[in-house]
Structures are given as structure tokens and as C-alpha cells.
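Participant: Chains as they are written, first to last, in my numbering: chain A, 4 to 254; chain B, 4 to 254; chain C, 4 to 254.
The set of hints was computed from the structure by calculation and includes no laboratory data.
Keep in mind it's a predicted model, so treat the numbers as computed, not measured.
Hints may be right or wrong, so weigh each one.
Since the list gives no way to pick one copy over another, a pair counts as held whenever it fits inside one copy or between any two copies.
Straight-line alpha carbon distances no greater than 25 Å define the calculated DMTMM-like cross-link-like pairs of lysine to aspartate or glutamate that follow [as the list claims (entries may be wrong)]: (1) K120 x D55; (2) K120 x D247; (3) K49 x E147; (4) K138 x D45; (5) K149 x D55; (6) K156 x D247; (7) K49 x D247; (8) K156 x D45; (9) K156 x D48; (10) K41 x D214.
Listed here are the chains, written in short residue letters.
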Amino acid sequence: MDMKKLAGAMLALAFGVNVACAADAAPRTASVSPALEKYSRDALDKLWRQPDLAPRERSIATLAILIARNQSAELPRYLNRALDSGVQAGEISEIITHLAFYSGWGDAMAAVAPTSKVFAARGIGAKQLPAASPKLLAIDAAAEAKRAARVEKSAGPIAPGLVRDTTELLFNDLWLRPGLAPRDRSLVTISALMATGQAGQLPSHLNIGMDNGLTQAQISALINHIAFYAGWPKAFSAVPIVADVFASRAR
Amino acid sequence: MDMKKLAGAMLALAFGVNVACAADAAPRTASVSPALEKYSRDALDKLWRQPDLAPRERSIATLAILIARNQSAELPRYLNRALDSGVQAGEISEIITHLAFYSGWGDAMAAVAPTSKVFAARGIGAKQLPAASPKLLAIDAAAEAKRAARVEKSAGPIAPGLVRDTTELLFNDLWLRPGLAPRDRSLVTISALMATGQAGQLPSHLNIGMDNGLTQAQISALINHIAFYAGWPKAFSAVPIVADVFASRAR
Amino acid sequence: MDMKKLAGAMLALAFGVNVACAADAAPRTASVSPALEKYSRDALDKLWRQPDLAPRERSIATLAILIARNQSAELPRYLNRALDSGVQAGEISEIITHLAFYSGWGDAMAAVAPTSKVFAARGIGAKQLPAASPKLLAIDAAAEAKRAARVEKSAGPIAPGLVRDTTELLFNDLWLRPGLAPRDRSLVTISALMATGQAGQLPSHLNIGMDNGLTQAQISALINHIAFYAGWPKAFSAVPIVADVFASRAR
Numbered sequence: 004m005d006m007k008k009l010a011g012a013m014l015a016l017a018f019g020v021n022v023a024c025a026a027d028a029a030p031r032t033a034s035v036s037p038a039l040e041k042y043s044r045d046a047l048d049k050l051w052r053q054p055d056l057a058p059r060e061r062s063i064a065t066l067a068i069l070i071a072r073n074q075s076a077e078l079p080r081y082l083n084r085a086l087d088s089g090v091q092a093g094e095i096s097e098i099i100t101h102l103a104f105y106s107g108w109g110d111a112m113a114a115v116a117p118t119s120k121v122f123a124a125r126g127i128g129a130k131q132l133p134a135a136s137p138k139l140l141a142i143d144a145a146a147e148a149k150r151a152a153r154v155e156k157s158a159g160p161i162a163p164g165l166v167r168d169t170t171e172l173l174f175n176d177l178w179l180r181p182g183l184a185p186r187d188r189s190l191v192t193i194s195a196l197m198a199t200g201q202a203g204q205l206p207s208h209l210n211i212g213m214d215n216g217l218t219q220a221q222i223s224a225l226i227n228h229i230a231f232y233a234g235w236p237k238a239f240s241a242v243p244i245v246a247d248v249f250a251s252r253a254r
Numbered sequence: 004m005d006m007k008k009l010a011g012a013m014l015a016l017a018f019g020v021n022v023a024c025a026a027d028a029a030p031r032t033a034s035v036s037p038a039l040e041k042y043s044r045d046a047l048d049k050l051w052r053q054p055d056l057a058p059r060e061r062s063i064a065t066l067a068i069l070i071a072r073n074q075s076a077e078l079p080r081y082l083n084r085a086l087d088s089g090v091q092a093g094e095i096s097e098i099i100t101h102l103a104f105y106s107g108w109g110d111a112m113a114a115v116a117p118t119s120k121v122f123a124a125r126g127i128g129a130k131q132l133p134a135a136s137p138k139l140l141a142i143d144a145a146a147e148a149k150r151a152a153r154v155e156k157s158a159g160p161i162a163p164g165l166v167r168d169t170t171e172l173l174f175n176d177l178w179l180r181p182g183l184a185p186r187d188r189s190l191v192t193i194s195a196l197m198a199t200g201q202a203g204q205l206p207s208h209l210n211i212g213m214d215n216g217l218t219q220a221q222i223s224a225l226i227n228h229i230a231f232y233a234g235w236p237k238a239f240s241a242v243p244i245v246a247d248v249f250a251s252r253a254r
Numbered sequence: 004m005d006m007k008k009l010a011g012a013m014l015a016l017a018f019g020v021n022v023a024c025a026a027d028a029a030p031r032t033a034s035v036s037p038a039l040e041k042y043s044r045d046a047l048d049k050l051w052r053q054p055d056l057a058p059r060e061r062s063i064a065t066l067a068i069l070i071a072r073n074q075s076a077e078l079p080r081y082l083n084r085a086l087d088s089g090v091q092a093g094e095i096s097e098i099i100t101h102l103a104f105y106s107g108w109g110d111a112m113a114a115v116a117p118t119s120k121v122f123a124a125r126g127i128g129a130k131q132l133p134a135a136s137p138k139l140l141a142i143d144a145a146a147e148a149k150r151a152a153r154v155e156k157s158a159g160p161i162a163p164g165l166v167r168d169t170t171e172l173l174f175n176d177l178w179l180r181p182g183l184a185p186r187d188r189s190l191v192t193i194s195a196l197m198a199t200g201q202a203g204q205l206p207s208h209l210n211i212g213m214d215n216g217l218t219q220a221q222i223s224a225l226i227n228h229i230a231f232y233a234g235w236p237k238a239f240s241a242v243p244i245v246a247d248v249f250a251s252r253a254r
């Protein structure tokens, strides 16, 4: 065995490790279920071409669903799809930060590693990311005062710290960050709530979302999108809640 | 240092990487909790020997629970146990595909990699997997017409796309695939609903499941099984819903 | 190329693999979101300094939340923080075992690997872990008889196996293990229930927890803690349930 052969063998060994890792990340679906491969191709492609939600909105919703359900395996594919569909890197950065608060810190932190890799592979650097402390959007002081009073009344006596942080961190800070439009923050929030079956908080965020510009047609299309990415039961559980909100706004 | 020693050292290094990966996959439970090791041996073994659900049914339920909860770490062990208990590879393929719809695409996709490895290790190939588009079971047209009318009435005005896909993809396609008996599809569906706390959709699927042949004794045993694999609170939350369905069918 | 250079190259290759693994485990949050890095530093640090829950209690709650939500990525950081905050290794062992029953076997098993690594790195061995079958705490026979009768009445006819295991494994065994104080078991249980949105079982465990010594102020602070680690919606969903229990105990 000469040195070249040895080096080759060692390279193959090292390469073998990498190949094994790559194989873990991208297994062939058909080796387990030809039907799942077919549905992934046909049914999902048909879903993404449905009207009322553009691929950009579907990408935002899908990222929110995957991160809120802690499903990092599928994240790289949909991060790339989002960037290819017009979602800006800075918006993805804000989506992850938003979900730290609306889905839990661990979900956001788990999204950092796969997102960092995708950003690096596409040459996305610090310049394309929102500042930690940007100039905030103007606040609607009257609406915020009403919201704060309502939450203080319902939750203040039981969880004063939660009420304080909700005002300071969420409605006077996070929601005013300019890197993601309020309508898209609502899309992220509602997607996460539906995807994790958080029925209790859905009505208020459906109302905020429609105030922020989401339409009934978009929310209907979102329910259909949720069915595929968070399961049929989550979609059907959202239907009566959405129906009640639509009805209450029609009055 | 001669070449043999060098090769040995390099192999050890490379091997060390593999050992580290293997150690990640199979840590010694007792190094963290001797009690958990004891319960895993005694309490789980006792559970699997309880009457009313055979190891084959417990395997199907456990796979559904693990996939619906996105717990791929435990999946290889229970995939092998399922195959050893009489669950066919083709049935596992169908379980994963079924859960894409009933638990979310990401859960099914996350199950592909570990399942692919187990199938490869056991020499399970394409011939043992159901075709992507097999000849479907005959549909019960009268029952399906009633179901479709009921869902159209409740969800049609809010989520027409969801209602269309429910008919086309689920009840005129997925549920008629011959690779998994309708009774076992119900077992998968009910297990996933209980394991993820989806109370809202449980009554209709308990009724479908009992129409498909699941017995009260099996569902009672399933609740006990759910306690161990999805936690006691999920099991207790299912009890009053199951009680209502049993009572309604006794009338 | 001489042998030293070759060895160096091979080491670099092998090291490169390790570096890649390390990078996966600890990505730079700022490369994805400078804002998330800022909030992780400022908002979380402020949270941990809030009164009513000491760092030891916050550590126990955070471990319960992460394990119950199957978020092993963040686990090593908080295992180390717990050990640095006065949580004993034996208590961590009991927390994981407790969650096998209260969150599901797969969640506990997924916590074994990262915990085993942290224990090994800190030289924590078998001597510091609770025995598999220790001498149990004395049982409050009168309270247990009332609990058993209540559960037998509500769940006995539907799920007799569940009722039997609840008595034998949980209230005559797990809860009496001396390695974790009953108050801390309640903190673990309530944290897991809030973090996974299990509203149905929360009232009874809030009552058990307050009987075990948890105060209203601690539970209020826990709701605030839950907001960060399991998301704002989970915290707000817990508020009315906690309010009802507080009110019922004030009567």
C-alpha cells in the first residue's frame, strides 16, 4: 500500500461519513412509500397552485407550521422554497424571532441551525438581516390602549408578569419591528396557532389578522394548507372557530 | 510511525466518529435513570402482555403515536418490533402515508429516514411495498354520500378547498387503499388523535373505527397504551370522549 | 507528501467532521437573527431574575417544558444551568422518569442521550443517581383512597387498565419516590401540562401542587416562564384555568 492509496482510502472513509450524513438528510421517500412520494409530488403541487394564497404566503405559512411543530428535517427544503418565492432573508429572520414568542424559545432556537446553513450556502450575510433594535413602526396608541386594558382585566390579577411582558415585549416592540409586515406577522401567528391546535388564542389573532389585511379567502385557503402540513384534524378543528369569527365580523 | 500504524490510527479516528454516532443513538438509560430502565423493562413488558390488544395491534398503535408526535429516536426499535409482531412492511408503508394526512406531512417525512434504514437492514425492497396507485377497495357509496353531505354542511362555506380534498384524497382514495385494512387505518387514526390531544375530531373517528370493527375492549386497552406512549394526561383526556361515544352507540 | 503531512491532513479531515458536528450543535444565533440573540440575552436574563421562582425552580420547570415538548437541542444548555443552580443530578434523573409517565415514554427516552453526555462530562456516576427501587415515602392513605375512588368512578368503567396502573404505578410508586420532593414533582407535572396545552388535567394537578406547597405567587410566575419557553398562547390558555382553581380554593 503506497501513500496515495492510503490517502485515497482515508478520503473514502471520511467521505463515507459525509455520504452517510447526506443520506440521513435526504432519504428516498419511495424506498418506504411509493404512495407518499406520489402524493408529495401530485397533491402538494396542486395545493401550492391553489388560488387565494400565493407561493410567497404559502411559504411563510409553511415555515411557521414547521417551526411551531419543531420539524427541522423539512425546514431546509422550505427555507429554500421561501427564498425562491420572494420571501426575503430578513423576513425569515423575523419569522423565527416572532415564533420564539408565539411558539416557544426552543422552537426558534431549533430553527437557527438549519437556517444558518441555508443562509451560508446562499451567501446571505449580516447586511441582509434586520438590526437587533431597528426604528419601530408607529404604534396605534388607541387600539393598543384598548388591547392592554382588555388583557389587564382578564389576566392581570392572575399573571401580572405575563401581562407586563405582553405589553412591553410583544405589542410595544415585536409587532412594531419593520422587517415583517403586520399582515405577515398575523399569517405567521395564525398558522402557528392552527398548526399546534391552540384554539383558545385563535379568535383574537384572527381578528387582529383581518384588521391587518388578511382576507376571508386567504384564511379559508390557509385552513386547506394547514391540513397538509399539520394534519387534517388540525384543519377541521379550526373550521368552527374561523366560522364564528367570520360571522361576528359580518354583524 | 509506519504506514500500518498510521492506517490503524486513522481507522480508529474514523471509527471513533462512528462510535460517537452509535452512542448517540443508543445511550444507556441506566446512566441517567436506573428507575426508568426498570420501568421500561417491567411496566412496558407488562403493558404489552395485557389482553384485548395483541402485540400486532400495539405495534401499529405505537408507530402511529411515535410518528404523530415526531419522535423518530424511538422509531427504529418499534419498527423492528412491529415487523417481528406480524405487521407487514407494506402496512408500515401505508401507516406512514396515512399519517401524512392525519398528522401532517412533516411527521410522515421525518419517519421516512429511520424506516428506510430498517427496511434496508432487513432486505425489504420495492416488491414488498404497496404500489403508488393500486386498485382501490370498493366504496360504500351510501355511507360516503352521507359523510360528504355532513362535512359539506359544516365546513363547506368556510373551507371549500378542505372539503374537496377530504372527499377526493381521503375518502375516495387514501381510505380505500388495500394495503392496510380499514380497521387498522382507524386504529392508526384514533391513536394519532389521542396521542396529540385532538379531542375535537376523536368522536367521529371513534365511530368510524367501531363501524370498521374496533371493539370497546380494544379501545379501552388503547387508552391504557396511550398513557405510556403519549403520557397519562392524554389518556385521561380521552376517557370522557370515549365514554360519550360508547354511550351514544348503546342507545 | 510525507507521513507527517499525511497524518496532519487526515487529522484535519477527521477534525473537520467533528467541527461540522459542533457547528450543528451550537450555531450562531446572530447569523440568523440578531434580534433573537438580543432577546435571548436581555429578555430571558430578565425573566430568570424575576421574583417568586428561584433559578432552581425555573431550571426544573424549563427542563420539564423542554422534555415534554421533545426539544432536545436546547436540553444540554439547561441541564448544565440546572446543575449550576442547585438541582441535583438525582433530581434530574427523577424528573426524566416522572415525565415518562406524564409526557410519554418517547419524551423521556429522547432526554436520556443528552443527559447522559452532560452527566459524563461532569463526572456524575451511578452513585449520584436514585436507586431503581428505593424505600418509598409514606403514603397519605386517606387522601389516596379518596383520589382512587374519584378516578375509579370517572374512568373505571371505560379504562380499567388505566385506573389500575394509575394507582399502582403513579400514586403508590412514582409519586412516593424520595429522590424528588412532591412539590417539585408537581412543578414538573404542571409545567409539562401547561407547556403541551393539556388543559383538561391541569385543575387537578394545580390542586395537588398547592396541597404539596406550591404558592399562588409561584404559579403566577410559572405562567410567565411558560410564555417564553412554550410560547405566549400556552401561557394565556393557562390563565383562566388557574384563575378558576385559585377562586375555588379561596372559597
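Participant: Each of the hints needs a verdict: does it hold here or not?
Facilitator: Status of the hints after comparison with the structure:
1. K120 x D55: neither (31 Å within a copy, 40 Å between copies)
2. K120 x D247: neither (42 Å within a copy, 46 Å between copies)
3. K49 x E147: Between copies, since 24 Å is at most 25 Å while 40 Å is not.
4. K138 x D45: Intra 44 Å, inter 18 Å, cutoff 25 Å: inter-copy only.
5. K149 x D55: neither (32 Å within a copy, 29 Å between copies)
6. K156 x D247: both (23 Å within a copy, 15 Å between copies)
7. K49 x D247: Result: close neither inside a copy nor across copies, 29 Å intra and 38 Å inter.
8. K156 x D45: For K156 and D45, neither the intra-copy (50 Å) nor the inter-copy (28 Å) Cα distance is at most 25 Å.
9. K156 x D48: Answer is neither: 46 Å inside a copy and 27 Å across each miss the 25 Å cutoff.
10. K41 x D214: neither (39 Å within a copy, 29 Å between copies)
Checked against the numbered hints given earlier, this structure breaks hints 1, 2, 5, 7, 8, 9 and 10; the rest are met.
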